[in-house]
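**Q** Chain by chain, the residues:
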Amino acid sequence: MAKTIMIVDDSASIRQVVSLTLKGAGFDVIDAVDGVDALKKLNGVKIHLLITDVNMPNMDGITLVGEAKKLAAYKFTPMMMLTTEAGDDKKQAGRAAGAKAWLVKPFQPPMLLAAVSKLILP
Amino acid sequence: MTNKIFCSLFACVSGVLIGFLLLLFSDVSLASGNFIIVVLALFGVFIVNVVFKQLGNDTVEKLKVVKVEHDKLIEKIERYVLVQEDLLSEVIPIVKQQITTSGRHTEQEIAVLSQKFVEMSDHIGSLAANQQRDDEHLIDQLLMRSKAEIDSVITELGSLNVAEKAMIKEVRQLSEHTAQLDNMAKEVRDVADNINLLSLNAAIEAARAGEHGRGFAVVAEEVRRLAQSSSDTGARISATVNDINNSMGSALRTAELTSDTDSENIKSSGQCIEEVFNDIESTLNSFKENNAVLSESNELVQSQIFEVITALQFQDRVSQMLEHAEHNLDDLHTSILEQQQISLVERNPESINVEAMLQKMETRYTMPEELTQHRSAVSGEAEAETNEDKGNELSFF
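Those sequence lines, one after another, are chains E and U.
Offset between the first sequence (1-based) and the working numbering: plus 22.
Offset between the second sequence (1-based) and the working numbering: plus 924.
Hints were generated in silico from the structure; no laboratory data involved.
Incorrect hints may appear among the rest.
As the list claims (entries may be wrong) - In the DSS-like style, the derived pairs of lysine-lysine whose C-alpha atoms are separated by at most 25 Å in a straight line are:
#, chain 1, residue 1, chain 2, residue 2
1, E, 91, E, 122
2, E, 45, U, 1040
3, E, 45, E, 25
4, U, 1089, E, 113
5, E, 68, E, 122
6, E, 25, E, 63
7, U, 1284, E, 112
8, E, 68, E, 91
9, E, 140, E, 25
Claimed, not checked - Derived CB-CB ranges, DEER-like:
#, chain 1, residue 1, chain 2, residue 2, range
10, U, 1040, E, 47, 19 to 29 Å
11, E, 63, U, 1259, 34 to 44 Å
12, U, 1266, E, 133, 47 to 57 Å
13, U, 1265, E, 47, 34 to 44 Å
14, E, 63, U, 1013, 39 to 49 Å
15, E, 63, U, 1011, 46 to 56 Å
16, E, 133, U, 1211, 32 to 42 Å
Glycine residues also receive a C-beta, built at the ideal position from the N, C-alpha and C atoms.
All chains, please: the whole structure from these sequences, using the hints.
**A** This is how it looks when you write it as structure tokens:
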């Protein structure tokens, strides 16, 4: 059974690269365009990792992580941020909301895969 | 006013001094002297007042002229401010629209481009690998089956040949048996001849015996006839055996000839087929090798396409930067509109907080690069080198 990863980002080109990278490594991928869309698509579906951008319309990534962590199904699901932001204050906010890693864009696929393999649920 | 008082005082004092001097150095009486002093003082004050009034009028005239100039200048400045504001009000929305359009355009086109690359990659992948593997597999199977079948045919022919040779061997053995038959037939004839002789002797003895020998002579005659027929049978067996031997001999010769030719043919056919198979096999192997090379280069192309798609991430950064530029222009426009609501005379330079606006822009940025460039632009330095590109930096919590 292939593991499922969700990618949330309002940029189509980012979703494209992440999707290809993960699918090439054998994962199933669900994508969403912002926090609201992500929560709709989560809806109890089992995922092994959540990757999300920070700056998105309707609901930003850090809020999304906070909201998702409140749901029983995703309380222990590992979550990481993928964003152009690199400031320490934003990183602390992400950490406080429950994110386990922070990868700054633009990223190289091997780096993303390294993070995924370290965080993903067994 | 103070100047006037001082001048008046001075005039008074001068008058008094002159009066004193007059009193001192001329024969004027005290009363007249005092009178003169008072007159001089008053005169002095009067002169001062006249002079000052005249001066005052001059100043007023001059001030009137200056005021007119001043008013014209203020009006000019006011008009300038309004025109400048108008210009900015008109131009900023246009520029903002251009930014929005180019941002949207870039995003759409990059998305299409990216999708095209993904499709290319998928196409190469599915076409190349699976198809080739299937074809190779089919050809391999076909080849193996054909080889197996031809091998079994060759084996069959081989075993036929063996059977042929076995048959020849049997036939040879048969001729040995017929030789034996022939011997036996000869023996039968010999025995028959002997019996014939014996019966002749018996007949002679029977004749000598006369009457008593007549029965015996008949038996002897019968024996002679039997012997004769046995001899004939023996001769016939010999003749038949001879015929059999002849046919067998010629059959054997033909069979031997064909058998040898067959053997040769089977061997050379086998060799031919073997060679053909080897050719096909080597062709297939080089085909497989080419496939492997093609596969490898396909994989290389696919990974290069992947690198291109990865590089297209830049679109995300461009989008964000343009968005921030749009918002910055919005802020500027709002500020101008707010100021335009207030009449020029009531406007206050302190109400435009440049520092606060720049700060607001700073908080909007999402990339370290944006902040660096903002600050270097603000401080007037040349565009800073963006070597603090923190992309691909991973931290765990």
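**Q** Each hint: holds or not?
**A** Status of each hint after checking the structure:
{"no.": "1", "hint": "E:91 to E:122", "verdict": "12 Å, holds"}
{"no.": "2", "hint": "E:45 to U:1040", "verdict": "17 Å, holds"}
{"no.": "3", "hint": "E:45 to E:25", "verdict": "10 Å, holds"}
{"no.": "4", "hint": "U:1089 to E:113", "verdict": "94 Å, violated"}
{"no.": "5", "hint": "E:68 to E:122", "verdict": "19 Å, holds"}
{"no.": "6", "hint": "E:25 to E:63", "verdict": "16 Å, holds"}
{"no.": "7", "hint": "U:1284 to E:112", "verdict": "17 Å, holds"}
{"no.": "8", "hint": "E:68 to E:91", "verdict": "14 Å, holds"}
{"no.": "9", "hint": "E:140 to E:25", "verdict": "14 Å, holds"}
{"no.": "10", "hint": "U:1040 to E:47: 19 to 29 Å", "verdict": "23 Å, holds"}
{"no.": "11", "hint": "E:63 to U:1259: 34 to 44 Å", "verdict": "41 Å, holds"}
{"no.": "12", "hint": "U:1266 to E:133: 47 to 57 Å", "verdict": "53 Å, holds"}
{"no.": "13", "hint": "U:1265 to E:47: 34 to 44 Å", "verdict": "58 Å, violated"}
{"no.": "14", "hint": "E:63 to U:1013: 39 to 49 Å", "verdict": "44 Å, holds"}
{"no.": "15", "hint": "E:63 to U:1011: 46 to 56 Å", "verdict": "48 Å, holds"}
{"no.": "16", "hint": "E:133 to U:1211: 32 to 42 Å", "verdict": "40 Å, holds"}
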